[in-house]
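For reference, the chains in residue letters:
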Amino acid sequence: MSITPLDADRPPEGPRRRRRPGAGRTGRRRRSIDRLGSTDGGREQAVVEDITIDPYDSYYGRPVVKAPPWRAPIAVYLFLGGLAGGSGILATGARLTGRPVLRRTARLTALGALGVGTVALIEDLGRPERFLNMMRTLKISSPMSVGTWILGSFGAVSGVVGAIEVDRMTGERIPLGPLRPLVHGAETPAALAQAALGPLLASYTGALLGDTAVPTWAAGRKHLSALFVSSATLATGGAAMLTAPVSETRPARLLAVAGVAGDVASLHAMKASMHPLEAEPLETGRPGTMLRWAERLAVAGAVGTVLGGRHRAVAAVSGAALLAASALTRFGVLEAGLESVKDPRRVIEPQKARLAARRDAGITDDSITTVG
Amino acid sequence: MANADCIVIEGSNMAEAHPVGFQWVMEAKKRGARVIHVDPRFTRTSANADKHIPLRSGTDVVLLGGVIRYVLENELWFDEYLKLFTNASTLVSEEYGDPEDLEGLFSGYDEETATYDNSTWAYAGDPERLAQGLPERDETLRDPRTVFQILKRHYARYTPEMVRDTCGISEADFEYLARSITENSGRDRTTCFAYALGWTQHVGGAQMIRTAGVLQLLLGNVGRPGSGIMALRGHATIQGSTDIPTLYHILPGYLPMPKAGEDDFGEYVRQIGKKEQKGFWANADVYAVNLLKAWWGDAATAENDFAFDYLPRLTGAHGTYQTVMRMLEDGVDGYFLFGQNPAVGSANGRMQRLAMSHLKWMVVRDFYMIESATWWKDGPEIETGELRAEDIATEMFYLPAANHTEKAGSFTQTQRMVQWRDKAVEPPGDAQSDLQFAFDLGNRVREKLKNSTDPRDRPILDLTWDYPVDEHGEPDAESVLAEINGRHLTGEKAGQPLSGFAEMKADGSTIGGCWIYSGVYADGVNQARRRTPGQQQDETAAEWGWAWPANRRILYNRASADGEGKPWSERKKLVWWDEEMGRWTGDDVPDFPVTKRPDDPGDPSKGGAGALSGTDAFIMQADGRGWLFAPSGLVDGPLPTHYEAPESTVPNPLYAVQNNPTRVTFQDRNNMQSPGAHSAKGETYPYVFTTYRITEHHTAGGMSRFLPYLSELQPEMYVEVSPQLAGEVGLEPYGWATVISARSAIEAKVLVTERMTPLTIGDRTVHQIGMPFHFGRGSAAIVEGDGANDLIGMMLDANTQIQNSKNNDCAIIPGRRPRGPKLLTLVDEYRRRAGLIPEDEAQVDGALGAPGPGPGHELSPHTMRGPEEATAVPTGEPSMKEMRNR
Amino acid sequence: MSLLAGPAGPAAASGWGGDQQRVGFFTDTSICIGCKACEVACKEWNRNPVDGDLEILGSSYDNTGALGANTWRHVAFVEQGRERIEAAQESGRKLVGLGMPTVGPRPPRGQTPDGDLSGTDRTPPNTQEFRWLMSSDVCKHCTNAGCLDVCPTGAIFRSEFGSVVVQSDVCNGCGTCVAACPFGVIERRDDGTVSAKVERDEDVPHAGTANKCTLCYDRLVVGEQPACSATCPTQSIRFGEHDELVDSAEDRVRALHEQGMTEARLYGANPKDGVGGTGSVFLLLDEPEVYGLPPDPQVPTKELPQMYARVGIAAAGMLAATALAFLGGRR
Amino acid sequence: MARPLFLDWPVLRQLRGADPTGRGTAVMSPTTRSISPRTADADGLAHSVCPYCAVGCAQRVFHQDGRVTQIEGDPDSPVSRGRLCPKGAASEQLVNSPLRQTSVLYRRPHGTDWEELELDTALDMIADRFIEARRAHWQDTDEHGRPLRRAMGIASLGGATIDNEENYLLKKFFTAAGAIQMENQARI
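Chains as they are written, first to last, in my numbering: chain A, 3 to 374; chain B, 1451 to 2336; chain C, 8 to 338; chain D, 582 to 769.
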């Protein structure tokens, strides 16, 4: 717009949400935050600007609920936790059915995934040095608490079987000293415990995300555990196909194919059960893209497994595709949840709909809004 | 206020400026009172009122004049009260001429000096009787020369149609307002008005208050519970700083500073109050003697008129804006700022800062690096290139000040209550109280001058200046309060504090620094420090703090009883005559001679309190009555009459005289004025803007923009515009706009809101723009922005010498303002369009052209026009001149 | 063992016994003047950092935006024209029509205060053309609090006053509580707050931990009231015993309805709602979402048993699938 | 007080006590159990008045180790009943704001920045300049020979948060010195 000949001397209006120059120049610098979950107290939460909303159906388009401050490491943890849990069972199965290489790689996969996953989990804490406070209490009402205890227990037994495996590989060079017989003697109970805890580790994260007020996660709470378990299963199969010889991985290939079937089915069932506004983040934008690619990779991996699973190279490529699919699923679901809080309609509309539905059904005494 | 049945808040944004005071409004509302907010903007006050009535800024006299006419036409006045307590029946001099007859001017106007000679506004009657406060009266109110009949004629044209076409208020809304007020007035009911700077900061502001005063007197709403006109003041002790003033025109206790030629002490005090007049100003001599004696002690004797000649003399107005002009002429060397930020807070910020650059030295005492301390390095004129730090010779001293927790002392709040603060901690670093600074400066100057034989130094050396100090050199504030209270010098009570000003003597045997505060240290007890919890007291809460005068909480409360001394009604009783006890009694300290019977005719021969009759409730006035018509005290007319604001583009609907003829103007290139309705080019600045404060900030921001918690709540300068105006000009919501007045241009974020209403005035639409004035440009504050006061000219109300901040005209365009010297080019471009500077004037590069007038400028620089300030403003509101029974 | 609070109230289920008095807020937005004193008093007492970018947010006079880690009281500003006002009145009337529950019949109002003007014309001037809503939001201190339930460290606890309090010396900032709050109240505090223009001599307090209103727990323990309610100029925020506040809130709604203000309604006063009722009760003049409040919040814990069942089924399925794979793979 | 660390483990307290779900008493930390407000730990409490607007709200000023630690409304006041507006509620920050300048600064003529200066030196320089400015623009009489006895070279402008006692001393001294150009916020 040209108002006066002086316009050339007038500064541009500038982007609306520019931070003050110099803010944070002193003080500690804001950690660089990736796109995920940037809702820490610094008030950078996005106000949806591209969605046109009647300003009065929400408060200036601001979110009603908040996304947790969970960034990429949490998706990594969800993926690796599932992989670790699945690999734990697989390792135990391999031991029981005499597949030594599969046993070894699965145990090491479980231990490695668990280790990296735990680091990722800790990294994402606001106060990582207080990680151990997770063990302060055991709260049945908190999936995170329950899950931490599962994680801890699984970690302990995985540590034992992992140590045994490494000890064997190195020719008993781990300085276990007089404890060696004791450790090796614990292999069977530890392996059974690993198999028992592994599925819980892969599964509890469904409740972790479902037990929230984040619209897309909360709407998916009936299906998330199934989805995550399926995803963990296909990842477990994939990892095994990648790391173990084809001679020992037939169960893993079957598992992978079953996982893919479960994964695709549960994701579609989950979306179908949701209010369209709650499902939308799973289908659009970055998370939508990731989930579409997750599905493509999973199906491709399954096809590869079925058609070429007995060829080492094809198995390896298929396994990698499955791992990527599983990782993308976790990133996609996590990000879809974080995305879903940004538009307040995703909270308000489904809630209004269910309130109306209850009223239509004659239930009128449970509204938070009342008149004296 | 909580007792009112109807509260009209006009010219005040009470909920925002005084949130804690507003609790009483909400309380009244809960009890069923109707709350009406009349204001150009829909504010947080409107949001909590029963109704908001938007009006065109600066037309309050028409609106309230309209209500006065409504009362008179429909015979709704409180007849008994009116006849008993007001001057309605008083006859006015035959020479008086009303603007209705003189085409917009009162009689006595002198074109040349732009002032009135008010002798034609006097009461009619025998001079001797007049001096005793006994003018001619016609109790039937029928004589055409009675105040009542004059009032009727004066407001005859203030019809609802006139209100509609002038204020932009529909007839229905006017009817609602008028009915609400009149139905809630009378024996059983009272209406209360609240105003603030929305009235005072107008040319004609004093008259706006007067209009409400006239209305309230007509309806009997003065001196009664839930009545009156409440002035809402914006600063902790702004009341105190006029009672004990740091103002040029008065001494403590509203004694006027003597003017040149007033060399006779007897004449000086007679000017204030004559011995034979009614009421308590008859003892002006006593108060003056006690003040002089308090200051100059042994050097003040009866023989030398108590050192009356030590007082400097005035020769006209010496207000802050006149002083700025003097600074620009290099007539002032040194400037002290005590917790004040004129670079942001005073009208025409540009001239304020340019004036500072002419000083030799400047002392800034504050908590933070306010803009008035740093203007020489980061002020707006540095940015435009008009000033360069290297060129500025002003020597700056920044002295850190102690804050309210770091010193003991008293504040006087808006209802005249003095409250003491205890000291909590020592001030940090170099910080000192102003008390210590003043005492120390005095000590140093006295020490340096101690061998002086120059007679001009005698007043300094003869001062009583011996206050006890603590180990940090801080004077004992209570000892100063004790001096203000006063004490006996001789006699059996020698050394004892006065119990009240009734004990003051004119013979030099007592001293007292401020007579109205006498009693605050009665019995040697700091009465302002009383803190009996409110829960343990009645509503009057007389044992919390101390209210002047004499701890009285409601003034003129004699008017709460009828001619026989009985309460007007049970609901509205406050003070009444107790026949058995033979005295006035009630829920408050009676504001009347306590044993004077209601049927006492008064003894004119006595003068003072003795001359008051039993119904002379308005004990501050020389005739004991509430003034509907003010024969003296105002410089621009005895009755409020409507003039358009100086820059208004709306022609005055009433008179050919467009603007208040007595307004004070300063002519300077930096103080230009839109021609308004005087020329078609006035439309260069087509929109009215009004400035205001918001809850989250405090005046010039010196106590708010440096505080993180307040800064985040309102972080940026903004302007409020209606959706219609935004559409007309193309303003984006929350984008930037540049506002241009004849003085300067500023930028601000735009709040487009339906809270701003375009008003229909005749056949035109008037758009009003609102903007807070808290922001300023510097570099130290947490939040800053362009200052609204840069847009405002120095244009003063003649009565109060207060600037017109509420009604100026501007242009507004989208986008940010130009940077650097081009800002001045923009301002000049609009001035050229408005015909304020010649079309062919060479473009002046800001860096070269300022300060001062540019080439080819016709106006002579730095001329001032207009009368001096009125000595006292009889507003009908509880205010200044005040006496007690002795 | 139910995870939801029983009729004895939330404190009873948390080890405090049954004779604790639950306290809370009643925020009457019909008398809020939008002064934001509550925001400041809260920050001052709790020494919370400043929020925001120090820019106008674009939401009327609200420049702090929402409740969060640093802003524990937040004043909303909503400007509405006639159409919205009428819609609000209509939606309020509908609530009456629905026969919403009342917590027992109210006795007639107590004696009117002195100076009551029963004779005054109380009819409000028709429907206004415009209104400006202001409302101070705060943590709801839910009877069944999602944040408290999901906290894995025990950093969040139920106090003897029935309030929900974060212990910043325990919290490790896992962020689970943030997701579990149906009202978007609790938030993790980052260090990226706006600093004053001078070097901070201290770090942001409690950085990296979850933060929200504590109902001024430290003041309650010595019998003081919270900072916000203590400062509120018009008593729009009242603090007190929860049941008494709900009673007076219901009286107030009734009074407003009598005056024709059918837009008035309560929020959080129903113990049967999705969070078991809230400790902070509000009187609103429009639908909750207009103020940024959810219309039908549910504590996630309510469905946690079903979710655990799903976890178990899924885990069992995984185990079974693996077993089958090995059985099918024995070749 | 100090329970053995192990027995204080909330998991054990959950098992032992009345809070099996770990949502109340069992998970309170020692810090929480011994919490007390800073007003309770204050060295003293001074009664004061809010320095912002003229309503005159009473404040309670708590202080510890010579620093103000908390300012809140005084419920005893019949004026304010313990309430404060946002400015009043921010008073503690007015006192303790990190931006507060507590040492003397001096800027010499034509200088481009502030310099440090001793308080005593500064006050002495000001006193010298006061005397000089008073003499420089002294007016003994007006053009009609009427006494004026005033010093036009000095002006002052005060805020309205200056105590009555301070205003009194300033008015007394400036008037005695003939410096009539005194103004304050009351006219702005």
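Each hint should be verified, as a subset may be incorrect.
[To be verified] Covered stretches of chain A, going by a simulated chain C footprint (3 or more residues, C-beta under 8 Å):
1) 106–117
2) 120–129
3) 227–235
Bear in mind the hints are in silico, worked out from the structure with no lab data behind them.
The structure presented is a predicted model; accordingly, all values stated were derived computationally and were not measured.
Every residue, glycine too, gets a C-beta built ideally from N, C-alpha and C.
For each hint, the structure was consulted:
1. Against chain C, the segment 106–117 of chain A contributes 0 residues with a C-beta closer than 8 Å to a partner C-beta. That does not satisfy the three-residue criterion, and the hint is violated.
2. Closer than 8 Å: that is the beta-carbon criterion, and the segment 120–129 of chain A has 4 residues meeting it against chain C, so the requirement of 3 holds.
3. For the segment 227–235 of chain A, the proposed coverage by chain C is satisfied: 6 residues have a C-beta within less than 8 Å of a C-beta in that chain, meeting the threshold of three.
Comparing the model with each earlier hint shows a violation of hint 1 alone; every other hint is respected.
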